[in-house]
Structures are given as structure tokens and as C-alpha cells.
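Place chain S on chain G using the hints.
Residue strings, one per chain:
Number of protein chains: 2
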Amino acid sequence: MEFQEVAKKRRTIRRYKQVQVLDKDLTNMIDTARRVSCGANVQLLRYIVIQNKNIVKDVFETTAWGGFVTPRRTPEFGKNAPLTFIAVTALGDSTEIIHANAGAAIQAMQYAAWDVGLGCCWIGAFNKQKASEILEIPTESTLLYLLAVGYPDEAPVQDDIDMSGSAKYYLDDNDVLHVPKYKVESITEWR
Amino acid sequence: MEFQEVAKKRRTIRRYKQVQVLDKDLTNMIDTARRVSCGANVQLLRYIVIQNKNIVKDVFETTAWGGFVTPRRTPEFGKNAPLTFIAVTALGDSTEIIHANAGAAIQAMQYAAWDVGLGCCWIGAFNKQKASEILEIPTESTLLYLLAVGYPDEAPVQDDIDMSGSAKYYLDDNDVLHVPKYKVESITEWR
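Sequence order for the protein chains is G and S.
In terms of this note's numbering, the first sequence opens at residue 1 and continues consecutively.
In terms of this note's numbering, the second sequence opens at residue 1001 and continues consecutively.
Warning: the hint list may mix true and false statements.
Pairs of lysine-lysine, DSS-like flavour, derived with a Cα cap of 27 Å [unchecked claim]:
1. K9(G) x K1079(S)
2. K1128(S) x K1017(S)
3. K1079(S) x K1024(S)
4. K183(G) x K1024(S)
5. K1008(S) x K24(G)
6. K8(G) x K24(G)
What the hints contain is simulated information worked out from the structure, not anything from laboratory work.
Note that the coordinates shown come from a computational prediction; the quantities given were computed from them, not determined experimentally.
The shape of chain G in the complex, shown without the other chains:
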């Protein structure tokens, strides 16, 4: 798919078809992530692909979903929850720069997923201590984020808004999720 099409159409997905994601697509997502920019090229990010049903369930139970559209966009395990997570961890402590690196890597993975028909949800709201225990993250590493991956079972849309509009996402009468985003001119200055 053309980059611009991926970038314009990609949206966060919170409901998934119960179809297993292919290993090669997951490998390709991480292959995309490893190529992104990284301060001093130190490459401290590591990835755990979670597909074992019991571990997926345990990890899923540590997560919170779409605060403004609860409970309708809180997936149900076995019905529309993701079958795969990618955990993003860092060697060492949680620092601002490693979070920036993780953000870049996760955005890259989301594009690579969308490019082959997969959707993702980048999850920062989860019980990190519990998830770290489930995943047996060694003490010298830090679990930063989870990325849910799967085939989309919803089709959210983006609404463009001015600075005066509300950025709160919402479900309309047809159960379609609307995600308001500020227009370029609202968030850009030229010097």
C-alpha cells in the first residue's frame, strides 16, 4: 500500500476478529521497528510476541481500553479481544528517551500492520507490575508498552476539528467510533 494511504487510513482498533495473525506479519512488524531512528543507535528495545492463549488471556486481564467509550470498546476475551500482543521492553530503566524510541518503534509497527490488513491498539494503561510478572521480565529490563495486534472487527473514523472542538472520542448511533483530530493549522506555527 502507498505510505500516504497507510498513514491516512490507519486507526486504533479495539475489536478483533478471532483469526490468528501470521508469524511472518509479526516478524515483519518488528523488522520495521528495528529500522527506526534511535538516539546514538544504542537499540535498547526488545520485543516479546505473545500468542500462547493462556499468556494472552493473563496479559489481556491487566489492560484497560478506551476510557471514554467504556464498556462498549472493552473487548471480551474469546469474543473480540486480540489473540496476539507484542510487549515492548527496554534494557535498563524507564527514561524519556527510551519512551521516545518506543513511540517511534510502535508507530512503525502499527503502519506495518495496517499495510497488510492488521490493526493495533497501543496500550499504556495496564498493570505493569502484574504484566511484568506474567512475562517474567528480568529486573534489569523494563516493560514499557503493549501492542495488541489482530484483524479489525470495527472501522473507526477520524473527524477533523479546530482548536475549539472537543478532542474526546465517541461512539455514534451506529456504534462507529469517531476520533477527533486537530487540523494542521491549529497545531502549527511558521517562523
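Structure of chain S alone, referenced to chain G:
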């Protein structure tokens, strides 16, 4: 360009042709950035496009470039330095999550740039206090990163390495920059 081509070929650029970047390409970069994932969709990132020669020069003087390949990849102003910067700022304080959001937005901008033949350098190593003064960043905001943007005047390459290899980037005898990146299997666990 196909997403996979952008993702595989994009590299950080530290030498630029002295050709002005088009406003429409810069607008499109920020249009791409505003669409990325953002925790709770709060959208606290703002962008300052810097093209005025005096301000570009002042900002350039606050930056440090490619520590491992100094001085050969430190651009000279007026010769091969960028003619444009995009400053990424946040409403509010510097937090881990805003750095993650900024990383995602900056990676998106880098892909959008590469898609139209432009290269970027994501700069975290700069005098933030001085650059904030130059850009008159209000006290309630935080300057997070700079992104240099311009037409590439070098062609760096990626080398794939195992975990035992050195991740230190280097210049070869032909003045080509090599960027070693760990292979997927070195950084991935499957559960």
C-alpha cells in the same frame, strides 16, 4: 512510494543540499504526525516550522550531530546544513508519555518526508534552554525535540548485525555512513 519501501530505505540524513523545502511537503509531514496514536487522544504536541535563515542559524548552533562520526558528519552552515527545522513542543511538562507520543509523531514525519525525497535528522542532543529562548517557547510549554528536514546530500546504508556485533555507526573509506542494526531474531522472543 510503497510503505515497505519507505520503511526499509529511510535513513537519518546529516548532510543536506542547499535547496529550500516546499511548504506543502512540510504541511503534509505535520498532517501525517497529527494522525498518529496518542494516549487518550489528548493531542498535546505542537509544531514550529523554522525557515527564516537567521532563526535556522541560531537554532542550528544549539545542536550536536552524530557523536561517533564527528567532525565529518557535523554539517557546516551555508554549505550542507539543513535549511529547515521543525521544533516539536508539548503543552505542559515533559513526561514519559509525551516523549512516547513525540517519538511516534516524529517517526511519522520522517516517513512522510522520505516518501517525497526528503531526509531528516531527529535531534535530541541540543541546548534546550537556549533553543527555547530563541524560539520564545512559553513557560507553560516544553521544547522536546528538533527535526532537521532537507534534501539528502549523502546516502547512508544499514548493516544487519547479530547481538555480538558492534552497534556503533561509522564512516567507511568512501565516506559512506554505515548504521548497524540488530536483526529481528536478536531482539525478539516468542511466547
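Exercise. Looking at the structure, which of the earlier hints fail to hold?
Worked result: Failing hint: just 1.
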